[in-house]
Amino acid sequence: MGRKIIDIPLGSQHISLLEPIKFRFACENEKIVDVSSDVGFVHRGIEKACTTKFAYDAVPYVVARICGLCAITHSLAYTTAAESLLEGVVTRRAKYLRMLLVELDRIHSHMLCLSHTAENAGFEAMFMRIMGDRESVMDIQERITGNRVQFDYVSIGGVNRDITTDIEKEIRKTLAFIREKTHGYLEEFTTNWSLSLKFKGVGVLTLDEAYRYNAIGPLARAAGLATDVRSETDYLPYNEIGYEMRVGEGGDIYSRNIVRLFEILNSITMCENILGGLPEGEIQTKMKGKPTGEALVRLEAPRGELMYYIRGEGKAMLSRVRIKTPTFASIPAFIEVFKGSEYADAPAILASFDPCMSCTAK
Amino acid sequence: MDFSRYRKRSPWILHYNAGSCNGCDIEILAALSPRYDLERFGVLNSGNPKQSDIFLVTGPVTYRSRERLVELYNQMPEPKVVIALGSCTCTGGVFRGMYNVEDGIDRYIPVDVYIPGCAASPELIIDGVVQALDILEKKTKERENAKRLYSEPTTENGITDRSNSAQKIGTGGFSPEEMKPNSPERRENEED
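Quick note, the sequences are listed as chains U and S, same order. Its first residue numbered 1, the first sequence is counted upward by one per residue in the working numbering. Its first residue numbered 1, the second sequence is counted upward by one per residue in the working numbering.
Heads up, some of the hints might be wrong.
Each computed SDA-like pair below joins lysine to any residue, with the alpha-carbon atoms no more than 25 Å apart [stated by the list, open to error]:
(1) S:Lys50 <-> U:Leu10
(2) U:Lys53 <-> S:Asp103
(3) U:Lys22 <-> S:Leu44
(4) U:Lys48 <-> S:Tyr63
(5) S:Lys50 <-> U:Glu124
(6) S:Lys50 <-> U:Lys288
(7) U:Lys288 <-> U:Thr51
(8) U:Lys53 <-> S:Arg107
(9) U:Lys315 <-> S:Gln51
(10) U:Lys22 <-> U:Pro347
(11) U:Lys53 <-> S:Thr91
(12) U:Lys53 <-> S:Cys90
Calculated directly from the structure, the hints in this document are not laboratory data.
Based on the provided sequences and hints, a complete structural model is requested.
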């Protein structure tokens, strides 16, 4: 038998994939030797529409529709950039409420990713359990903002709704519930055979590779690379609410799961601290004028660094909006992980990356 | 064996993302999860078009996804029901008029149920799927009727005459007199 390389496509429509992404694996027996990817299936042209169809104060609600999972991070990154051009100052209460929603969003996004990883290990019951518990986070998001997924909570100048003591009480109750459940998952993900031993040593991204291929977010932190925009920027006062970076080791699927679980726990702590130290004040400040000049903002989305660049020339329409999304930046690292692993592991590895193609293609 | 009797009890869903923001896709997963439990209707989310009965589409149809959309639709066996899930799938929504967007799936495939909302909540998804089940049953019955009519041709003088059965199907149950334009019976029926 000679060495024969076979091309196997995965996607863009596939049973184990949620996202329209296409991979072509060149396989030698079961080993993947080369990968090519195609990500542009859901390209809609939002960047262009932000400069031609929508005025600058409508754009936060348009960019939220780039991605349903990190909608709040998208609109917040844009809003922060626009506010720096308008030279307005957002009240501390509005900043705290924004952080609260970003962290709640991170909790439910990570829970979704964990449930997918469990499903790809063949552990459907775990998938159902996590999805069932995730509903409680969706409930408090609905209570705070009025919608489950596409909550247009952030607007230029502040936030659109305030929270009351009733809602605060409910949030505290839910956070305590989620904390208890997350400790349960931690136990399950470290001791259960399907979720720990099976995932150890699969889909490894070494520290050196993470550094060289520009991995970001939980993918990089699982490999031991200490990178998190929350600790590097100061648009939002993360240092006041007990942010801690959790760095894993090993860089395999197991390590990514553990990093995500600890981030959920950290986010819960942060949410409780936000509620504990919520400053008094208005939630909206009036912003005058039209955006003039250019601004660049980086924020930590659930999947990694999200970058917005906007340029305005004193008109209602902006002249440029540029969005760099986390999954797009991580694709070289994805491809490096796939090389050398088994073809049968590919769906599980892909789920552990938590890719978001709607973000990537825009 | 005739499976049509069981079709309503276990419809399989094919979900395709034609350019949505993932919001509706995640709400589908939420609808399948224990809180809402869409699976109690026998619904199973399958990735295979050849085994599916309900085509659940999200997204405003991007330029590159339209070929795949039509291809998946064609691969599904009859009878099939198409659900457009979310505002952007119905009309284009916030994406309407963007350069790479085709403004809704009904430009390419016939749609039976429209579910509005951005993002559509799981309650609405369940409501839409339950409506789709009724449509699926109706379509199943229509197919059976057509088969029976076509399989009963009359034979006179050695010539097979299908005109009788074809007329019954083509006029939707009206008699030839009723089908004449401007006949009083027809007008009455239409007003009903």
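Do the hints match the structure? See the list:
In summary, the hint linking Lys50 (chain S) to Leu10 (chain U) is supported, as the alpha carbons are separated by about 18 Å, within the 25 Å threshold. In summary, the hint linking Lys53 (chain U) to Asp103 (chain S) is supported, as the alpha carbons are separated by about 15 Å, within the 25 Å threshold. Distance restraint check for Lys22 (chain U) and Leu44 (chain S): the Cα-Cα separation of roughly 24 Å lies within the 25 Å cut-off, and the hinted pair is therefore satisfied. A distance of roughly 15 Å separates the Cα atoms of Lys48 (chain U) and Tyr63 (chain S); the hinted pair therefore holds under the 25 Å criterion.
Of the pairs offered as hints, the one joining Lys50 (chain S) and Glu124 (chain U) holds, with about 23 Å between alpha carbons and a cut-off of 25 Å not exceeded. With a C-alpha separation of about 57 Å, the suggested pairing of Lys50 (chain S) with Lys288 (chain U) is violated against the 25 Å cut-off. With a C-alpha separation of about 20 Å, the suggested pair Lys288 (chain U) and Thr51 (chain U) falls inside the 25 Å cut-off, and the hint holds. Proposed proximity of Lys53 (chain U) and Arg107 (chain S) is supported: the alpha carbons are some 23 Å apart, at most 25 Å.
For a cut-off of 25 Å, the pair hint linking Lys315 (chain U) to Gln51 (chain S) is broken: about 54 Å separates their Cα positions. A threshold of 25 Å between alpha carbons decides the hint, and for Lys22 (chain U) with Pro347 (chain U) the separation of about 12 Å falls inside it, so the pair holds. Under the criterion of a C-alpha separation no larger than 25 Å, the hint pairing Lys53 (chain U) with Thr91 (chain S) is consistent with the structure, at around 17 Å. Taking the CA atoms of Lys53 (chain U) and Cys90 (chain S), the gap is near 20 Å; set against the 25 Å cutoff, the hint holds.
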